[in-house]
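*Asks:* In the order they appear, the protein sequences are chains F and L. For the first sequence, full-length UniProt numbering assigns the number 1 to the initial residue and increments by one for each residue that follows. For the second sequence, full-length UniProt numbering assigns the number 1 to the initial residue and increments by one for each residue that follows.
In case anyone wonders, no lab produced these hints; they're calculated from the structure. None of these values were measured; they are calculated from a predicted model. Treat the hints with care, since some could be wrong.
Identical copies carry no separate label here, and so any pair may be met within one copy or between two of them.
Stated by the list, open to error - Below, in silico cross-link-like pairs of lysine-lysine (BS3-like), each with a Cα-Cα straight-line distance of 27 Å or less:
#1 Lys78 / Lys292
#2 Lys181 / Lys132
#3 Lys311 / Lys78
#4 Lys311 / Lys338
#5 Lys312 / Lys233
#6 Lys233 / Lys311
#7 Lys123 / Lys351
#8 Lys312 / Lys161
#9 Lys78 / Lys233
#10 Lys176 / Lys338
#11 Lys7 / Lys181
#12 Lys7 / Lys176
#13 Lys312 / Lys176
#14 Lys78 / Lys123
#15 Lys312 / Lys292
#16 Lys312 / Lys143
#17 Lys176 / Lys78
#18 Lys227 / Lys351
The residues making up each chain are set out below.
2 protein chains.
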Amino acid sequence: MRLPDIKPYLVTRRLIPENQEAPIHFISAAITPEQYFYRRNHFPYPVISEQSFLLSIGGEVKRPLTFHYQDLLRMPSKEMTVVLECSGNNRGHFRPRVYGEQWEGGAISQGVWRGAPLRDLLKLTGLHAASKEIVFEGHDYGKRTDLEGEFMFARSLPLEKALHPDTLIAYALNGKPIPYKQGYPLRLIVPQWYAMASVKWLRSITVIETHFNGPYQDIDYVYYPAKDSDAGKMPVTTIHVNSIIQQPLNWSVLTTGMHQLYGIAWTGTGFITNVEISIDGGERWEQAAIQKYPGNPYSWTFWSYIWAAPKKGEYTIMSRATDSIGFVQPPEARWNRKGYGYNAYSTVHVKVD
Amino acid sequence: MRLPDIKPYLVTRRLIPENQEAPIHFISAAITPEQYFYRRNHFPYPVISEQSFLLSIGGEVKRPLTFHYQDLLRMPSKEMTVVLECSGNNRGHFRPRVYGEQWEGGAISQGVWRGAPLRDLLKLTGLHAASKEIVFEGHDYGKRTDLEGEFMFARSLPLEKALHPDTLIAYALNGKPIPYKQGYPLRLIVPQWYAMASVKWLRSITVIETHFNGPYQDIDYVYYPAKDSDAGKMPVTTIHVNSIIQQPLNWSVLTTGMHQLYGIAWTGTGFITNVEISIDGGERWEQAAIQKYPGNPYSWTFWSYIWAAPKKGEYTIMSRATDSIGFVQPPEARWNRKGYGYNAYSTVHVKVD
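Pulled out of the complex, with its shape left as it was, chain F reads as follows (with noise of 0.2 Å):
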């Protein structure tokens, strides 16, 4: 007889656009399937069209040039396991609670991504001296609940940011083209920084000389620290140190004995030095053993503790990882008002029975 196929989905958040999470709690592979891989749209997909393999860059450069995939796929090319995690990931944990997508902890994949640095590409348009961010615009495009008219998906980097060695024009995943869902032909990948940066369906790039302020980089993806005024707003950047407990999962229920807990942690600063253990809600805290996925600095780090349940009783449990500049997780995640950057501990209630 044929086992019976069980295998976990994705988890569906909204349809129109597309968003869907990872089954973060049911998935260890280093690299994530694509059909686990999340989607986070804003918009309706795009149509791809023989537009699609052009990338123009222009503005404020010396030779304004339009390149096509086939030229991309000869120049020098990187290959990195990158994390990418939306800035909203973990929305639906936040008190009080803020509107969005509810995300929980699967609103991240990671990939092995190849693709021409951004700054080889520039070395050919050259720069203005006077230029100070580059505008990244994907092909996809909608309307908004908060202004009319139609958008186009569009986010910029400071100069510094976009002429990083390993800021990626990418046209591959995990070795063939990218998905289609995820950016297909070509995307920009910028590692440490929340995913919102990671522009797919790349289309333009566009060196400007201020600040650019389309309303996915000026109202969406930034931090508001107070509910009802705009006071202190910061942008979203680097992705907060982070750590999941993939199992056990919240309130399940426990036999006595020997139970392996595993998740996975990640920074946008640096790298996880250390990810420890709580199994009585924070009071005393042990190391995990974690397992750096090995020859690159973007990629999570697994983490795993024994756990000899000890006795009948309920336990909270909890994790928290630090990263080598020195960020550790806190007990609360800064609260702002789109619910971005979420890292508090992660926290599960089980008894054991």
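Position chain L relative to chain F; hints supplied.
*Replies:* Here is chain L on its own, set in the frame of chain F:
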């Protein structure tokens, strides 16, 4: 160009054993397609063999008999559209939280079941006068966290419910053999009761003169109103009157203007007579339009309500169903330690932007 395939998936609550809920907010078909039918298992899937096609009826009967699957196909049959709802549906919404699978609203599905009425089989075996309950055993078995040893999944029905003409030994779902994960080849179908009563992979039926006290009868599927004692325990039986707002989604952002709110309502006691909607958190209620699924007393009822979102702001939308017996959804579900029978108002928070 082929349009992108965008579809919802089952929501994984646990994989070993498989427990996945329907993406209830994203399906509006009256008959739940097989790939979206929720899956609730206590144990690994049983192996199907020739034995699986035999159904024995014994215990306090006059003539113990074994029926073959083919015998059942030849008997007079009934076809009924039935809501199956896990008694733990919405367990994740209880406050204080309770342990167990954290079902949200999707542990519910509707299908067209065909089978032979159990009472016709029992006419052939006869019953002794002192018969009190009938025990149904499935082929699935395994361990529990709280007791040593292995257990079959077994449940009993009082004689009156077992002899109801609509209690079926089903062999078909939606015009085809029952899918393996839904109990192939034979499943007991008990309309109006929570679905733990509808035993999958049915292997034996035993008439007894006492009360059956297996762990899935007397430990699980019991309402325990107190956290730390068993005082006031009551068996889980009929489905509570209930409704769900499928759209809009909780914590979503809407434009001003017209929106269709819609969902389903169902009950195990009679049929749905009214669904009311509140936009202001339960202060004022208005009637929704309801559309009974034709010709069947055990199916769910669709409801819809057109809302002209008047102005920007935050709104708390609620639905409340009433059935023909007079039961009304309560504002708060009756808390119980194992989290069964949740049926508080369905509540959705939206922001009009």
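*Asks:* Next, verify each hint and record whether it holds.
*Replies:* Quick rundown of the hints versus the structure:
Taking identical chains as interchangeable, the C-alpha atoms of Lys78 and Lys292 lie at most 27 Å apart only when both belong to the same chain, with a minimum of 20 Å there against 60 Å between chains. Taking CA atoms no more than 27 Å apart as the test, Lys181 paired with Lys132 passes in neither setting, with 31 Å inside one copy and 59 Å between copies. In this assembly of identical chains, Lys311 and Lys78 lie within 27 Å of each other by CA distance neither inside one copy nor across copies; the values are 51 Å within and 51 Å between. Taking the shortest Cα distances, Lys311 and Lys338 sit within 27 Å of each other only across copies (20 Å), while inside one copy they are farther apart (42 Å).
Only between protomers do Lys312 and Lys233 lie at most 27 Å apart by alpha-carbon distance; the minimum there is 22 Å, versus 47 Å within a single protomer. In this homomeric assembly, Lys233 and Lys311 come within 27 Å of each other (Cα to Cα) only across copies, at 26 Å, whereas the closest approach inside a single copy is 48 Å. Taking the closest pair of Cα atoms, Lys123 and Lys351 never come within 27 Å of each other, the shortest separation being 59 Å inside a single copy and 46 Å across copies. Taking identical chains as interchangeable, the C-alpha atoms of Lys312 and Lys161 are never at most 27 Å apart, the minima being 52 Å within one chain and 38 Å between chains.
With identical chains, the CA atoms of Lys78 and Lys233 are never at most 27 Å apart, being 35 Å at best within one copy and 64 Å at best between copies. Taking identical chains as interchangeable, the C-alpha atoms of Lys176 and Lys338 are never at most 27 Å apart, the minima being 35 Å within one chain and 48 Å between chains. For the homomeric pair Lys7 and Lys181, the shortest alpha-carbon distances inside one copy (21 Å) and between copies (13 Å) are both at most 27 Å. Proximity of Lys7 to Lys176 under the C-alpha cut-off of 27 Å is found in both arrangements, the shortest distances being 24 Å within a copy and 24 Å between copies.
For the identical chains of this complex, Lys312 and Lys176 are neighbours neither inside a copy (49 Å) nor across copies (46 Å), given an alpha-carbon limit of 27 Å. For the homomeric pair Lys78 and Lys123, the shortest alpha-carbon distance inside one copy (16 Å) is at most 27 Å, but the shortest distance between copies (75 Å) is not. Taking CA atoms no more than 27 Å apart as the test, Lys312 paired with Lys292 passes in neither setting, with 34 Å inside one copy and 48 Å between copies. Taking CA atoms no more than 27 Å apart as the test, Lys312 paired with Lys143 passes between copies only; the shortest distance there is 17 Å, against 54 Å inside one copy.
With identical chains, the CA atoms of Lys176 and Lys78 are at most 27 Å apart within one copy only, with a shortest distance of 14 Å there and 53 Å across copies. For a Cα distance limit of 27 Å, the shortest separation of Lys227 from Lys351 across copies, 13 Å, qualifies, whereas the shortest one inside one copy, 36 Å, does not.
Hints 2, 3, 7, 8, 9, 10, 13, 15 from the list above are not met by this structure, while the remaining hints are.
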